[in-house]
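**Q** Letter by letter, the chains look like this.
Number of protein chains: 2
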Amino acid sequence: MKTNRLIYLPLGGAGEIGMNCYVYGYGPEDRERLIVVDLGVTFPDMDTTPGVDLIMADIAWLEARLDRIEAIFITHAHEDHIGALSHLWPKLKKKVYARRFTAAIGRLKFEEYGLPLDVINTVEARPAVVEAGPFQVQFVPVAHSIPESSALIIDTPAGRIVHSGDFKLDETPIVGEGWNPALFREIAAERPVKALMCDSTNVFSLHAGRSESTLADPLHGLIANAGGMVVATTFASNVARLKTLAEAGRAAGRSVCLLGRAMQRMVKVATETGVLTGMPPTIPSEAALEVPRGNLMLIVTGSQGERRAATAQLSRGRYLGLELKEGDLFLFSSKIIPGNERDVLRIMNSFSEMGVDVVDDTNGRYHVSGHANRPDLEAVHEILKPAMLIPMHGEHRHLREHARLATLRGIAAEIATNGMMMDLTGGAPEVAEFIETGRIYLDGSVLIGARDGVVRDRIRMALNGHTLVTVILDEQDEPLGDAWVELMGLPEVGKRGSGLAEMMETEVTEFLGTAPAKVLRDDDKLEEAIRRIVRQVGVEEIGKKPEVTVVVSRLTEG
Amino acid sequence: MKTNRLIYLPLGGAGEIGMNCYVYGYGPEDRERLIVVDLGVTFPDMDTTPGVDLIMADIAWLEARLDRIEAIFITHAHEDHIGALSHLWPKLKKKVYARRFTAAIGRLKFEEYGLPLDVINTVEARPAVVEAGPFQVQFVPVAHSIPESSALIIDTPAGRIVHSGDFKLDETPIVGEGWNPALFREIAAERPVKALMCDSTNVFSLHAGRSESTLADPLHGLIANAGGMVVATTFASNVARLKTLAEAGRAAGRSVCLLGRAMQRMVKVATETGVLTGMPPTIPSEAALEVPRGNLMLIVTGSQGERRAATAQLSRGRYLGLELKEGDLFLFSSKIIPGNERDVLRIMNSFSEMGVDVVDDTNGRYHVSGHANRPDLEAVHEILKPAMLIPMHGEHRHLREHARLATLRGIAAEIATNGMMMDLTGGAPEVAEFIETGRIYLDGSVLIGARDGVVRDRIRMALNGHTLVTVILDEQDEPLGDAWVELMGLPEVGKRGSGLAEMMETEVTEFLGTAPAKVLRDDDKLEEAIRRIVRQVGVEEIGKKPEVTVVVSRLTEG
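Going line by line, the protein sequences match chains A and B. Residue 3 is where the first sequence starts when you use the numbering used here, and the numbers rise one by one after that. Residue 3 is where the second sequence starts when you use the numbering used here, and the numbers rise one by one after that.
Treat the hints with care, as some may be off.
Claimed, not checked - Under the rule of at most 25 Å between Cα atoms (straight-line distance), these lysine to any residue pairs were calculated in the SDA-like manner:
(1) B/Lys95 with A/Gly421
(2) B/Lys527 with A/Glu494
(3) B/Lys547 with A/Asp459
(4) B/Lys546 with A/Glu114
(5) A/Lys497 with B/Lys95
(6) B/Lys546 with A/Ile285
(7) B/Lys497 with A/Phe436
(8) A/Lys337 with B/Ser447
(9) A/Lys547 with B/His89
(10) A/Lys547 with B/Ser447
(11) A/Lys497 with B/Asp526
(12) B/Lys547 with B/Asp526
(13) A/Lys337 with B/Ile339
(14) B/Lys337 with A/His209
(15) A/Lys96 with B/Asp526
(16) B/Lys497 with A/Ala62
(17) B/Lys327 with A/Phe436
(18) A/Lys547 with B/Gly451
(19) B/Lys270 with B/Lys327
(20) B/Lys547 with A/Phe45
(21) A/Lys547 with B/Lys95
(22) A/Lys547 with B/Asp454
(23) A/Lys546 with B/Pro46
(24) B/Lys547 with A/Tyr115
(25) A/Lys497 with B/Lys527
(26) B/Lys546 with A/Glu81
(27) B/Lys547 with A/Gln315
(28) A/Lys497 with B/His89
(29) B/Lys527 with A/Glu504
(30) B/Lys387 with B/Leu185
As the list claims (entries may be wrong) - Label pairs and their in silico Cβ distance ranges:
(31) B/Glu435 with A/Pro286: 42 to 48 Å
(32) B/Val433 with A/Gly229: 24 to 30 Å
(33) A/Gly255 with B/Gly428: 42 to 48 Å
(34) B/His209 with A/Asn182: 53 to 59 Å
(35) B/Glu494 with A/Leu557: 54 to 60 Å
(36) B/Val541 with A/Leu185: 47 to 53 Å
(37) B/Ser447 with A/Glu432: 54 to 60 Å
(38) B/Glu494 with A/Pro92: 18 to 24 Å
(39) B/Glu494 with A/Gly229: 56 to 62 Å
(40) B/Val541 with A/Arg310: 17 to 23 Å
For the record, the hints were derived by calculation from the structure and aren't laboratory data. C-beta atoms are modelled at their ideal positions from N, C-alpha and C, and glycine is treated no differently.
Isolated chain A, as found in the complex (with noise of 0.2 Å):
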């Protein structure tokens, strides 16, 4: 009988700021007992995924072990961590275990898609135990920019591991439980850390991060001295920052509305769920209509330029009755993840042309983030003392330096992205295995692949424009009537001044009245020719190799 062994895969997050998935396991090789910890989505982008819908892992690998799997663990109810439960759930089928306010958000999405909302077990925290198989999870809170967000103590026959979830070393959050450092000193008295899979979010902000709680006075120093409306944007689930806001709006005399479905929700769900509590009153949008502009404060969606949400729709004119004017105050509460600066940016021009003052982060004074810094980080190797660590939560480059840290103190570190099965149970993390990983996206309604081809064709549409020809044989196989060219995406007239569809079915056209009848005959090379010739004309006319599209109808009847 083979020897068990502990085992760490990073599905999805490890290479990656998005789309959190790891799966541990324990037992006979091949054979392991598993859990997943997490199962995120990630954002998509016109560069590489236009019209996705939603970006997630690949979770074949669980898939064709269905039978292997004894849980699934949320860590905290960011989308990057639980977004893709409602879509994977049904592949897995399996029971989630997350704290009170994670797993009300979970049931909000699964009774959305008509899930069962009885799989979705709600669990104390430490020292309340899952047993799952051969481990006994515990959900430790953390500070971090969301309520409830947690570790999991994992403990295995082959030691404890510290999955640390998302965190910062922040005592005083506002809202909810902040970092108890002697709650951790006790969790590595109680049990030696073999492994930490530790954030690596920040791992390049070199000073030690700073509290939720330091912004309460900037806030309070800014809205008291605007005059007329202001209007706040930060994260939906950042609930602790919205009491702030709301109470900096409450000090400065303003009624406070908020603006947006998610915050609404997050708000309504916290406060449900008792983790939220001494939230200020705050009126709905028609009774904000009433209220003087400089007895008003909206907080609203949209932090990061989301075309749909509320700070989008305020920079293009009225939303639900409110609109910004010269002398208003915008401010955002929160940074530009990478990725969306030109979507911030232009929001903040189109408030810069209604003269509304846009403050933003970029003295560090309305934001902190929610993530340990590199000082933080160092203070919890030093903490847990772990045997090893695996950076995750990062792109490449993060993991990189984070595993730098680590080494640097005498941990075993090694780097493990999405796919990289390392096997934990020696001293130090071995590759066990390389794993076939990937994304699906949902788009629209269903999940495609990302090598299914869809997403590339889309983006060679939108590079090259979009060709159709069609030609029509009769059953002599002779042509019947000219080409048929329909062009989208492509200059009408080309550079000698014609029209460019008119060339092309020229062209096409004279072809087909000359070419031998083993191409007419043959559907392939016909296609193949006329493509050709399309192409052709596009590079000529245009300066451009358009996608083509040919269909050959073929009359079979009289």
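With chain A fixed as given, assemble chain B onto it according to the hints.
**A** Relative to chain A, chain B alone:
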């Protein structure tokens, strides 16, 4: 007879960073004689301009007034100031004036497009004067991040204008003339400055700008301590930086190799025109292959992640036989221009995967900006004491902030965005007229209008996919055979597991069998009905409304 007036009209660059194009006019209303300052481009992105090669200002207003244009002046050779010259000059065919280095770059572009070289005139710096109708124009050397950047003194019967060009207050710029405050004091003393049109790029940078020369020590230190191969990238046109980098490499005992056509061309032109002296010797890439890594330094193009430039090529593997390895150093001696984050970070992560140490501008040690910061702008306001100021070269938020600063100082400042013609004749700028402006795209080899719908259709295909439906009707308008559907950029299978194209074909064919004759007879009605059916199937099966092109072929002969 009407009185003369002095006008200013930005056609590009005011409300954006890029695509600079400014017009000045003097004379009776609607008969002003005109000069054009700069003809630049801006760069496309997938979000808004997929497939486009370059973006430039729509100069239709100038084309309608060709007989009134005296000349074109180019302040410096950055693409956002000179990049459209070879594309738009054929529409204007006016004399071009620039200083030696800029003119040489311009002539290279003209050569490439077969345009006459002698229309580009080399002008010496002030006190040389170009007479252009009612204008006397002088080029005044300023420091920037390319050699021979110039402010323009534009003297008119209505007063003196200073057009700042792109500049920074660098008295020790390594290459070319430094900022000379005495010269600008002299200019203001000689004749009061009526209006200053001023670079606004860095108005949000609160500290005084730093000199190019401050980089020498940090760069020497970094490179002296490197072990493996050193590769540095920066903007190809920053000849001073290239020199500093090459000197640092040589000082560390390294042979230096320039990779990338743009960079080699810049150094060649700068050397030939005499603006660059003392550039250390460099070796060709073939020779670099023979040099031990620890004695080699590459200076390469592609600091913004451009796909075909040397940096991106090296991040994908071998380039011209050269390859990065574990322990090498890659330096981004540059900043990321907003919007390029995704591309640059992707490259940094690829290098990280290779084990290469990536150093960037995070701590501000290895790059300085080429634009004046806020205190620098204030110093210029103080030196020139203009009666009016119109901010340019900035997004709206930059223009607004710059105008605010000038107003605080008692200067009559107004924001003029693209298309706002300002009358400068009186004591303060006044809006004279709103001109219809826009953008034109170089798309392959043709120019298309931004509003032609071509790019809009590309974006739609990228977001929604494209469905092609062909149906054939006989002489009696009866369907001949079934409808045929081709998909591009769409999943093959719908959520019920059947082929999407087949389902669409079935629905359309069924419709054709029952459609009333008046619909079958009418192409528009028929296409609209088919489009609706196809979209409906899309919504039901894949949750998406595809773009639909319908081709109805009617047989008119037996």
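**Q** Where does the structure disagree with the numbered hints, that is, which hint numbers, in rising order?
**A** Checked against the structure, the hints that fail are numbers 1, 6, 7, 8, 11, 15, 19, 21, 25, 34, 35, while the rest are satisfied.
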